[in-house]
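Enquirer: So you can see what is in the structure, the chains are spelled out below.
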Amino acid sequence: MTDDVIRAFVDAVVPSVGDDATAGATDIAAERYVAHYLGPDRVSRLAAALTSNGSAKFVSSDVQLRTKVILDLRRDPSLRSLIDSAVSLAISAVYGSWSGVPASEMDRAPLGWVLTGYPGPSRVRPEALEG
Amino acid sequence: MPGERRPDAVIIGAGATGLVVAHELVSRGFGVVVLEAGDWHHPQRDFTGDEAQMLHPVDGVLRWGPIDGAKEPWRRHLDGISVAPQIAGVGGLDLVGWGARPRAYVASVDSSWPFRYDELIPWYERIEELLPVAVPRQLMPKDQAFVDACESLRLGHIEGADVERIGWRLQPSAILPMARRPETQGTFTFPAVDGCTGCGGCLAGCRNPEGAPIARTAMRNASAALAAPTWATGKMDLRTGCFATELIHEERDGVRRVRAVLYRDSDGSLIEQDGETFILCLGAVETPRLVLSSALGAPGRTGRGLTCHWMDVVSGVLPNSIEPSLGPVSMARLDLPGHGSIFPLGLSPLISALVATHGDPRSAAGGPWARSGALVGGALKRHLEEWPARLSLGISVGDRARVGNGVQLDPRDRDEHGAWPSIRYEPDDDDVRRRDWLARRAGEILIAAGAAPESIHRADLLPTLIHAHGTMRMGRDPANSVTDPVGRLHGASNAYVADASVLPTSLGGADPALTAQALAARTAGAVALVLAEGLRG
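First to last, the sequence lines map onto chains Z and D. Heads up, the first sequence is in this note's numbering, so the first residue is 53 and it goes up one at a time. Heads up, the second sequence is in this note's numbering, so the first residue is 402 and it goes up one at a time.
Note that these hints are calculated values from the structure, not bench results. Please read all numbers here as calculations on a predicted model, not as lab measurements. Using N, Cα and C, we set each Cβ at its ideal position, and we do this for glycine too. Take the hints with a grain of salt, since some may be wrong.
[Claimed, not checked] Residues of chain D clear of chain Z, computed beta-carbon distances all greater than 10 Å:
id: 1; residue: S428
id: 2; residue: Q545
id: 3; residue: E560
id: 4; residue: A562
id: 5; residue: P769
[To be verified] Here are a few chain D residues that face chain Z, going by a calculated C-beta distance under 7 Å:
id: 6; residue: G450
id: 7; residue: R581
id: 8; residue: C600
id: 9; residue: L751
id: 10; residue: T758
id: 11; residue: G778
id: 12; residue: K782
[Unchecked claim] From chain D, some residues computed to sit far from chain Z (all C-beta separations above 10 Å):
id: 13; residue: A508
id: 14; residue: T646
id: 15; residue: S695
Work the whole structure out from these sequences, hints included.
Expert: This is the structure we're talking about:
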C-alpha cells in the first residue's frame, strides 16, 4: 500500500493523466527514485501524512485533490521539510538526468528534457561563440 | 611545510576567500598550510555538467560531506530556511555560482561599516585584476530582453563599477570572455577554444573548455583562478579531507592566542596543526561553528546577525524563445540601492522546477503576477512546458541583520566533528516590504519585455542560504562586533576571520563574493604586516 501512496504522490507532482496528456513521473517510475533517497523511515512518515484521512482516499483521488493535499501539508512546519524533500526528489527524477530506464535504453533523452525542449548539458554552444 | 618550522599562517577553508588569503600571503613570501574538508576536484575528470549528478545533497559530486561517498553527508539544523547549500571541496560554493562579481552599494558600506567605501576600492581592484573580472562583450537573448525592458522603462544605465543610484548595467563577472569560433570546423576543444563556451552550465560547475587545464577554466572560481597558480609556487601546503573541529588557545601575560587547530582527517585521526596565525575562511555557517566549538569569541554575538538576501524569482513567458540555457547564467543586472537587485537568470528545467515548487505556503496573490507560491501538478507541468520562452528574474534583497538570526551550536545533535550548527533566519517587516517592492519591479520588467500577464509567476521562495553573511561582523567596538576592522577576532591576538561572515551589512543586496574576497585580500595584507613585524623581532 505504501508503494501505491508514493506512486500517487509523484503522479500528483508531475502528472501523467488529467488535462495534460503527455508523460509524467509514473511513466519513469519516479516513485523508485523518491523511495531510494528518502529511505524507509521517511517514506513511512510521508505515506502516513498523505493518508491521514484514509489511504484509499489519497490513492484514488484525482490529481487536483492530491495536489491540494500536498500543498496543504506543506503549511505544517513539522512536515514541510519532508514534503519538500519528496517533491524535490520527484522533480529531480523527471527534470534531472535520471530517466528510470534500463541501462540498455539510456540513449533516450530524460523525460523532463523532452517535455521542455531542453537540449541537455553541453561542452559548447557554437552559436554563442564570437566570430 | 611538513617537518619544517611552523607555518606563518594556517588557513582553514579553501573556498573563495581562503584561497585569496593563501595567494596573497604566498606572493609575499610567507609559508601557508591550507586545511580543506573536501577534495580538490579536476573539472575535466570529475564534473559531468549534469546538475542532478553534481549537486545532489546525498551523493552529488559537490555534496557537503566526507570525500568517501559511502559515508553520510554532514547534517545541519535549519529553522525558517528551506535550503542551505554548502560544498566540501577546493573552491567551495564558488564552484557553482553564476560568477557575478559586483561591488557593494556605496551607501550600504558608508552607512555602518567601520571604514569608508573608498578604502575598499584598491582591494576590489586587486581581486578584479586577479581573477579577472570583466563585463560581457555581447548579450544572450535572455539578457538582451532584460536590458531592452529596463531601457524601455527608462531605468538608466550605470557605466562604472561603483553603485550610488538606480540603474541597469552589464554583469561584472569572474568569467573569461566568450571564446572565438575556432578556424577548424568541429574542433571545440582547448586551446582551439579558449574562454567561455556559452554552455549555460555554470550552476553545475564549470568544466569548459574541454581539455583545458584547471587554471584556464572559463569560470574564474577560486579553484581555477587562485588554487592552481598558488599550488604551482610550491609554497602552499594544501591538505584535503581535513575537517577543523576546534581551535586550541591559551592565555599568556593577559593575551589570548590560538596555539593550534585540531582537525580530523579522512582516516578519522585527530591532528593538531600549529602556526603563527590562524585565518578562518569556512564561511558564514562553519566559521561561527568552529569559534563557538572552541569557546572563543563572545558567545552573545558570535554567529548572530545572519543576512542572506532572502532571494526570490519572478518569471514570465515572452512571445519568442529566449533559450534560457544559452550562455552564462546571468549577464546583466539592475541595481536598486535602498532595496536590492534584480537580474536575469538562465535556469535549467530542473532548477526552474525546484524554484517553482519551493514557494512559501502562505504566499498570497496581490501583485503583477497571476500566480505566486509553490506549484505542483498540472500547473507545474504547464509552467515547465513554457520553459523555452520563460524569462526568470532573480531578486536579491538588502536584508537587515537581526540578533535573532544566525548560527548557534545545537544542544542535542552531534556527529564525529562535534555539535551540529543550528541555523535560524526570519525576515522582519522592513525586509518583507523591500522584497515585495522588488518583486513588483521585476513583474513590471517582465511586462515591458512582452511577457503574457497570465504567465507571470512569483516563486515567493522560503529563505535560502545561497548567499550567507554577517555572522562574525566587523566593528570597532567589541560590544557589538565579533571581529575588528581588519578581521581579527576580538579577544584572540592571532586569529582572523576572512570570509563573508565578517560583512557588517548585506551590501544593499549585491552579490557578496567580490566584497568577501576584497576583504580577504585586505586581511591578508594586515596579517602580512604583523608577520613581517614578528620576523623583524
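Enquirer: Now tell me, hint by hint, if it's right for this structure.
Expert: Hints and how they fare:
1. With a closest Cβ-Cβ approach of about 33 Å to chain Z, S428/D is found to remain outside the 10 Å limit, as its non-interface label requires.
2. The non-interface label for Q545/D is consistent with chain Z: the shortest C-beta to C-beta separation is roughly 13 Å, beyond 10 Å.
3. Interface exclusion of E560/D from chain Z stands, the closest Cβ pair being 22 Å apart, more than 10 Å.
4. Annotated as non-interface, A562/D keeps its C-beta farther than 10 Å from every C-beta of chain Z; the closest such distance is 24 Å.
5. At the 10 Å boundary, the C-beta of P769/D stays outside the reach of chain Z, the nearest C-beta of that chain being 23 Å off.
6. For G450/D, the interface hint holds, the least distance from its beta-carbon to any beta-carbon of chain Z being 3 Å, beneath 7 Å.
7. The beta carbon of R581/D comes within 5 Å of a beta carbon in chain Z, closer than 7 Å, and the hint placing it at the interface holds.
8. Against a cut-off of 7 Å between C-beta atoms, the interface hint on C600/D holds, since the closest Cβ of chain Z lies about 5 Å away.
9. Given hint, L751/D at the interface with chain Z, holds; its Cβ is 4 Å from that chain's nearest Cβ, closer than 7 Å.
10. Using the Cβ-Cβ criterion of 7 Å, the hint placing T758/D at the interface with chain Z is satisfied: the shortest such distance is roughly 5 Å.
11. Taking 7 Å as the C-beta contact cut-off toward chain Z, the hint placing G778/D at the interface holds, the least distance being around 4 Å.
12. Interface hint status for K782/D: upheld, as the beta-carbon distance to the closest one in chain Z is roughly 5 Å, under 7 Å.
13. The claim that A508/D lies off the interface holds: its Cβ sits roughly 36 Å from the closest Cβ of chain Z, which is beyond the 10 Å cut-off.
14. With a cut of 10 Å on Cβ distances, T646/D stays outside the contact zone with chain Z, its closest approach being about 27 Å.
15. Listed as a non-interface residue, S695/D keeps its Cβ farther than 10 Å from every Cβ of chain Z; the least gap is roughly 30 Å.
This entry satisfies every hint, going by the numbered hints stated previously.
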